[in-house]
Structures are given as C-alpha cells and as structure tokens.
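Participant: Sequence:
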Amino acid sequence: MTLESEISRTEAEMHAAGWAAHTSLQRELQTWRDLAAEVAAYTPTIDDYTNDLCSRDYIAKFSAAASEGVQEYIASAVAEADDRFRASTEPDVEGLVGHYFRIDDKDGWWWRRRPAGGPLADYLAGRRGDGG
Numbered sequence: 001m002t003l004e005s006e007i008s009r010t011e012a013e014m015h016a017a018g019w020a021a022h023t024s025l026q027r028e029l030q031t032w033r034d035l036a037a038e039v040a041a042y043t044p045t046i047d048d049y050t051n052d053l054c055s056r057d058y059i060a061k062f063s064a065a066a067s068e069g070v071q072e073y074i075a076s077a078v079a080e081a082d083d084r085f086r087a088s089t090e091p092d093v094e095g096l097v098g099h100y101f102r103i104d105d106k107d108g109w110w111w112r113r114r115p116a117g118g119p120l121a122d123y124l125a126g127r128r129g130d131g132g
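In this text, residue positions in the sequence shown follow the numbering used here: the first is 1, and each later residue adds one.
Quick caveat, the hints were computed from the structure, so don't treat them as lab data. Each hint should be verified, as a subset may be incorrect.
Unchecked claim - Label-pair restraints from in silico Cβ distances:
{"no.": "1", "residue 1": "A75", "residue 2": "R9", "range": "13 to 21 Å"}
{"no.": "2", "residue 1": "R9", "residue 2": "Y123", "range": "39 to 47 Å"}
{"no.": "3", "residue 1": "T45", "residue 2": "G108", "range": "17 to 25 Å"}
{"no.": "4", "residue 1": "E90", "residue 2": "G69", "range": "31 to 39 Å"}
{"no.": "5", "residue 1": "E90", "residue 2": "E4", "range": "20 to 28 Å"}
{"no.": "6", "residue 1": "A64", "residue 2": "R27", "range": "16 to 24 Å"}
{"no.": "7", "residue 1": "S8", "residue 2": "T45", "range": "29 to 37 Å"}
{"no.": "8", "residue 1": "F101", "residue 2": "R9", "range": "23 to 31 Å"}
{"no.": "9", "residue 1": "L3", "residue 2": "E90", "range": "33 to 41 Å"}
As the list claims (entries may be wrong) - When the alpha-carbon atoms are kept at most 25 Å apart in a straight line, the in silico DMTMM-like pairs for lysine to aspartate or glutamate are as follows:
{"no.": "10", "residue 1": "K106", "residue 2": "E90"}
{"no.": "11", "residue 1": "K106", "residue 2": "E80"}
{"no.": "12", "residue 1": "K106", "residue 2": "D47"}
{"no.": "13", "residue 1": "K61", "residue 2": "E38"}
{"no.": "14", "residue 1": "K106", "residue 2": "E72"}
{"no.": "15", "residue 1": "K61", "residue 2": "E72"}
{"no.": "16", "residue 1": "K106", "residue 2": "D92"}
{"no.": "17", "residue 1": "K106", "residue 2": "D83"}
{"no.": "18", "residue 1": "K61", "residue 2": "E80"}
{"no.": "19", "residue 1": "K106", "residue 2": "D52"}
{"no.": "20", "residue 1": "K61", "residue 2": "D82"}
Heads up, the beta-carbon is just placed ideally off N, CA and C, and yes, glycines get one too.
Work the whole structure out from these sequences, hints included.
Facilitator: Right, dumping it as structure tokens:
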C-alpha cells in the first residue's frame, strides 16, 4: 500500500470514528504548524485555541492508527511544529486552559501548555485573579 493510499484509508477510518468530514491529515498538520507559528502572539479566542489544539489530537490519533511508515512520515512532518509550540508556550501548571475545555490525564502534552506571551496569554493571566 502506498503512503497516499494508507493516508486515505486512515482518514476514512477517522471519519467513521466520528471525526468531522472536513478533517484530513494534511489539513490538521497545517493547522498545527500555523498554531505553532503564531501562538506567541495569538489573537483569536480561547475557544479558537482549544479548537486548534484538537488538530494535534487528530494527528496523534491518526499516527496511532497508522503503519510504521506513516508514523515516521507524521513524526517528521510534526517535529518542527512541536518544537516551535513548546518554545512559544509554557506549562499550564495552574490549569487555566482547563477552565475552558475538559482536559483529562490521557490527553496529549499540548493540552498542558499555554502561550507564554501575547493577547491570549494576557487573557488567561487575568483568569488567575478571579479565584479560578
């Protein structure tokens, strides 16, 4: 099976499992790259941020369902964005993102990070002072 055909097959499986019809590996990789590139100055809302984090969920679930060859392709495709995201975020030790989206122990490391600076970081910092 070619890389392209396996990706298509796995996308169909993801859709059958409940992922939206508009999702695809390439779309979610691009969304993740875009978020990693702009998270330091992220201007959209916390809801947009959590939605963008779901793209990384898709990538992780896709990789888990794929062959070793596709997993290697995904690891290579996502590595730079993962590094950039980590560099532009900080651990969310206070669980501020969790005030807006349910985060479980099984969720990926990206759910436990928040922007280190920028408008969304300022918004989340304001959450610290309200007792929540």
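Participant: Against this structure, judge whether each hint is valid.
Facilitator: For each hint, the structure was consulted:
1. A75 with R9: 13 to 21 Å: Given range 13 to 21 Å: holds, Cβ gap about 19 Å.
2. R9 with Y123: 39 to 47 Å: 41 Å, holds
3. T45 with G108: 17 to 25 Å: 21 Å, holds
4. E90 with G69: 31 to 39 Å: Holds, since E90 and G69 (Cβ atoms, about 35 Å apart) stay within the stated range.
5. E90 with E4: 20 to 28 Å: Violated - the Cβ-Cβ distance for E90 and E4, about 38 Å, lies outside 20 to 28 Å.
6. A64 with R27: 16 to 24 Å: 18 Å, holds
7. S8 with T45: 29 to 37 Å: 33 Å, holds
8. F101 with R9: 23 to 31 Å: Holds, at about 30 Å.
9. L3 with E90: 33 to 41 Å: About 35 Å separates the Cβ atoms of L3 and E90, which means 33 to 41 Å holds.
10. K106 with E90: 19 Å, holds
11. K106 with E80: Distance ~23 Å between K106 and E80 Cα, so the pair holds.
12. K106 with D47: Distance of about 20 Å is within 25 Å: holds.
13. K61 with E38: 24 Å, holds
14. K106 with E72: 22 Å, holds
15. K61 with E72: Given that 25 Å is the threshold and the Cα spacing comes to 14 Å, the pair holds.
16. K106 with D92: With Cα atoms ~16 Å apart, K106 and D92 stay inside 25 Å; holds.
17. K106 with D83: Roughly 21 Å separates the two Cα atoms, so the pair holds.
18. K61 with E80: 19 Å, holds
19. K106 with D52: 18 Å, holds
20. K61 with D82: Distance of about 16 Å is within 25 Å: holds.
Hint 5 alone, counting from the list given before, is not met by this structure.
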